[in-house]
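Could you put the whole structure together from the sequences, leaning on the hints where they help?
For what it's worth, the numbering used here labels the leading residue of the sequence shown as 484, then goes sequentially.
Incorrect hints may appear among the rest.
[Stated by the list, open to error] Straight-line alpha carbon distances no greater than 25 Å define the calculated SDA-like cross-link-like pairs of lysine to any residue that follow:
| id | residue 1 | residue 2 |
| --- | --- | --- |
| 1 | LYS618 | HIS629 |
| 2 | LYS547 | ARG573 |
| 3 | LYS618 | VAL648 |
| 4 | LYS607 | GLY628 |
It is worth saying that the hints were derived from the structure and are not from the lab. Remember, it's a predicted structure, so these values are computed and weren't measured experimentally.
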Amino acid sequence: MGDRFRLLGLGVTMSGIALSQEGILVVVGLGTPGSQSESTRHNSGCRVVDALALRFGLHFQERKFQAAWASGRWEDRKILLVKPLGFMNRSGDPVSEVLRYFGIAPSRMLVVHDDLDLPFGHVKLVRGGGAGGHKGVHSISQSIGHVRFPRLKLGIGRPMRGESVEAYVLEPPYAEQREVFDRMILHGARVAETALSSGLEEAMNQYNRREGQILQS
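Structure follows, in structure tokens:
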């Protein structure tokens, strides 16, 4: 598929297919670089984007940006999946470069990331807000100049065995939590898919009201 976007009066187009000015076009998954980090709590955002790529049959490339990205057509429009490849606290530069290159507003980007303050296994869509201590979200907000971009939070909870927060996020979930963690990743992909297909408002209405849905499933 072609990967050239151009900015027109009616919105961004890719390979000549016009897109509306509303709705999510880009899903960014935050994580930590290296194969040894794939199963860690801090890499959960990347895992959601990987699940979306599998669902849509898309393949990542690593050119133009310090990010792995995949583009394709889904439900008669073009979408973009992005995974910054640098350290978490430098996520903002490649993300802002992608947005500028393709001419996409930050409001049409959904950033998926782990969240210490959300109960383990829960997911939550928000329209924006502070970084809450998350270095990747902070880096993106610094690079684009504001915090008004949608986010999908994945609850990883707090350390329960005396380890530091820094060590906790860079480790896999506890053995007894891994099944729930894996279900949360797949569920997060479904939530992101709904945001892409039906819009952020509909996805929030569907999923933000179902407290404990992962833990109890």
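Evaluated hints:
1. LYS618 / HIS629: 14 Å, holds
2. LYS547 / ARG573: 16 Å, holds
3. LYS618 / VAL648: 13 Å, holds
4. LYS607 / GLY628: 23 Å, holds
The structure meets every hint from the earlier list without exception.
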